[in-house]
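2 protein chains.
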Amino acid sequence: MRIGIDAMGGDQAPVQEIAGALACREFLSPDDRIVLVGDESELLANLSEHDGWHDYIEIRHAGQMIGMNETPVEALRSKPDSSVAVLVKMHKDGELDACISAGNTGAYVAAAQMQLRRLPGVHRPGITILTPTYMGLVAICDVGANVNCRPQHLHQYGIMASVYLKAIGDIPSPRVGLLSIGEEDQKGNELVRGARELMKAEENLNFIGNVEGRDLFTGVCDVVVTDGFVGNVVLKLMEGMAEGVLTAILKEVAEAMPDMARLVKQAGGEIVNKYDYNEYGGAPLLGVRGICIICHGASDHRGIKNAVRGAIDLSKRQVNETIVKLLSGSKDS
Amino acid sequence: MRIGIDAMGGDQAPVQEIAGALACREFLSPDDRIVLVGDESELLANLSEHDGWHDYIEIRHAGQMIGMNETPVEALRSKPDSSVAVLVKMHKDGELDACISAGNTGAYVAAAQMQLRRLPGVHRPGITILTPTYMGLVAICDVGANVNCRPQHLHQYGIMASVYLKAIGDIPSPRVGLLSIGEEDQKGNELVRGARELMKAEENLNFIGNVEGRDLFTGVCDVVVTDGFVGNVVLKLMEGMAEGVLTAILKEVAEAMPDMARLVKQAGGEIVNKYDYNEYGGAPLLGVRGICIICHGASDHRGIKNAVRGAIDLSKRQVNETIVKLLSGSKDS
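Sequence lines, in order, name chains A and B. Under numbering that gives the first Met the number 0, the first residue of the first sequence carries the number 0, and numbering increases by one thereafter. Under numbering that gives the first Met the number 0, the first residue of the second sequence carries the number 0, and numbering increases by one thereafter.
Hint data in this document are derived by calculation from the structure and do not stem from the laboratory. Accuracy of the hints is not assured; some may be wrong.
[Said to hold, decoys possible] BS3-like, lysine-lysine: derived pairs with alpha carbons at most 27 Å apart:
hint, chain 1, residue 1, chain 2, residue 2
1, A, K186, B, K324
2, B, K88, B, K78
3, A, K250, B, K250
4, A, K88, B, K186
5, B, K250, B, K88
6, B, K324, B, K165
7, B, K324, B, K91
8, B, K88, A, K186
9, A, K78, B, K186
10, B, K78, B, K91
11, A, K165, A, K315
12, B, K315, B, K165
13, A, K91, A, K250
14, A, K250, A, K88
15, B, K315, B, K88
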C-alpha cells in the first residue's frame, strides 16, 4: 500500500508526522510506502538525521499549508498547493491508497468530499471516532462532517460505523444506539424520530433503540449514531471533561494525601495514557471513495503511526467494499 | 411564601421529600409554609414521628402519581389527580408561590407549560441547570424543555439564564456563550448561525460568541445556550462521564497504591460531594408565569431543601420580573 501523510497538518508538524512515519517501519510490509506531503526542504532537513528512511518513505513537495484556524473552503480555494489539497488529490488520482492528516479537519473533510466523491449508495460521509470508556471502546458517528442531517443520513451512519467496528474492533454484531434524550419511541427531535423508524426496519443493523448521553459510559452499545453537530459537541465535551475531572480529582487526592502527591500524579499519568486518543488510530471519514483518516490536531508520533495502521486495517478488511454491499441491499438507499 | 413539593415524585419519594421539607425549618421565615402534595395517609404516617412539623408544613392530598417512565402528556391526561398535576394547578390558582418536583420531568414541564402559560414576551420556556465545573459554576439553558428550537428561542434563553445567574450566582454580568462546533461565525448548523446574529445584536447580553463542548470546563463563560435536545444530551453525558471517569480513576489509583485504597476512596467521596447536584438547588423552568423548580430524580433531602431555598431566592430577587422587563425592551421579542 501507499499511504500519504499531510506532513504540515498537526499542531507539532512536521516533527510528529515524521516521527510517526519512521515508527511505521515495525509493521509495514516490504512493498508498503509512506508518502510525506509537505515542504520538501523542511522534510529533508528533518529526515536527514535518520538512516534508512529512503527504503519506505517518499516525499512529495507541497508549497503551501492550511492553518488550524483558516476557513476550510476559502483556504482550499486560495491554496491549491497546500499539503492537504495535494494529499487528497494524489489519493483521487490513484497515487495513494489512503491518506492521513492531523491538520484543519474542516479543510481535510471538504477536500475529501469534493475530490473523492461518495461510495455508491452513500448519502453523506460521516466521521467515525473510537472513544475509550471504562466499559470498552464506543464508536461515534458522525462527529462533525455533516451538521444538517436527514434521517437517512443517520440510518447510513449506523450501517457504516457497524461495518467499521466489526472489521476493526472484532465485534461480530455491534450494538447500535441512536443518541436521543430518552428511550421511548416518541422521545427526541424530528430528526431522531425519523431515523429511528428507518433503523428499526433495517435488517443489516443490530439496532438497540435510543440511547442517552450517559449510555456512552454504561456499555449498553458499541456504536452511537448522531448528527455531526451533536457528535462534535459530545466529542469536545468529553475531551474537556476528561481533562477537567482528572485535574480536579488529582488536586483533591493530592490535597487529602500530600505525602502521596507524586504517586498520585504518576497514577494520573497512567490513566491519561489509557484514555489517550493517540492509541486509537484516528477517525475515518466513512462513505468517501477512498480511505481518509483524520487525526487529532495534537496527535503525537504514536497517533500518526496508529493512523497508518488503521488505514491498512481498513483496506485489508475491506470496509468500503462491505459498506457498498450492505447499502446496495438496504431498502432506504 | 407558600412552596409546594410534589411529595410522590422522586426515586425515593416520599421519604426524601419529607426529610427535605423538615430540613427547611432552619431558613424559613415565620410566615413561610411548605405544602407537601401527595397521598395524605402515607405522608401523615411518615410525618407522625416528627415534632412541630405542623408549624410550617401542610399536606394536600393527591390520590394518583405519575411514574418516571410514563409518557408525560398521556399520563397527565389519564391522571388529573396525580401529585404533579395537583401541585401545578395549585400554583396556577394562586395557592402556591412556587413548586418543586423531583418526579417525571416531562410530565412536570408539560403540566407547567399547559397550566401556567408563559411570561409576557417569552417564546418558549427553558430549563436552566447549574453545573459545577472545576472552574466554577456554569448555567446551561435549555436542557430539555424545547427540542425543536428556533433562533429566537436560543436568543431568549441567553437573556433568561443571564438574569438567573446574575441574581442567584451574584455574577454582575454573566458571560454568555452559544454552544457550537467552532468559534467562527459560519460554524455550526442553521439554528446556531441564526441565533448568533440575534445574540450579537442584543444589548442586554454579555455575549462572547460561540463556545465548544470543551469550554464548559475552561471557565470562558458563565452561561451556555443550546437547544433542549443538545442540552439534554450534554447533561446526561456529563453525569455518566463524571461517574465513569471517577470509577476508572479510583480503580487505577487504588491499584497503583493498594495500601492507600481506603484513603483514596475517601478522597473520591469528597469529590463526589463537591460535584453533587444535590448541592445546587434544582433547575428552574425559566419563562413560565410562576416558579417551577425541577429536581433530579435521585435527589435526596438536601436536593429538596436546596430547591426550596432556590425557589425563595428566585422570588426575592425578582428573576421573573427582570426577565419580563428585559424581554419587553429586546428588539426581537
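Taking the hints in turn, this is what the structure says about them:
{"no.": "1", "hint": "A:K186 <-> B:K324", "in the structure": "violated, 34 Å"}
{"no.": "2", "hint": "B:K88 <-> B:K78", "in the structure": "holds, 13 Å"}
{"no.": "3", "hint": "A:K250 <-> B:K250", "in the structure": "holds, 17 Å"}
{"no.": "4", "hint": "A:K88 <-> B:K186", "in the structure": "holds, 25 Å"}
{"no.": "5", "hint": "B:K250 <-> B:K88", "in the structure": "violated, 48 Å"}
{"no.": "6", "hint": "B:K324 <-> B:K165", "in the structure": "holds, 15 Å"}
{"no.": "7", "hint": "B:K324 <-> B:K91", "in the structure": "holds, 21 Å"}
{"no.": "8", "hint": "B:K88 <-> A:K186", "in the structure": "holds, 25 Å"}
{"no.": "9", "hint": "A:K78 <-> B:K186", "in the structure": "holds, 21 Å"}
{"no.": "10", "hint": "B:K78 <-> B:K91", "in the structure": "holds, 18 Å"}
{"no.": "11", "hint": "A:K165 <-> A:K315", "in the structure": "holds, 13 Å"}
{"no.": "12", "hint": "B:K315 <-> B:K165", "in the structure": "holds, 13 Å"}
{"no.": "13", "hint": "A:K91 <-> A:K250", "in the structure": "violated, 50 Å"}
{"no.": "14", "hint": "A:K250 <-> A:K88", "in the structure": "violated, 48 Å"}
{"no.": "15", "hint": "B:K315 <-> B:K88", "in the structure": "holds, 22 Å"}
The structure fails hints 1, 5, 13, 14 (numbered hints given earlier, in ascending order).
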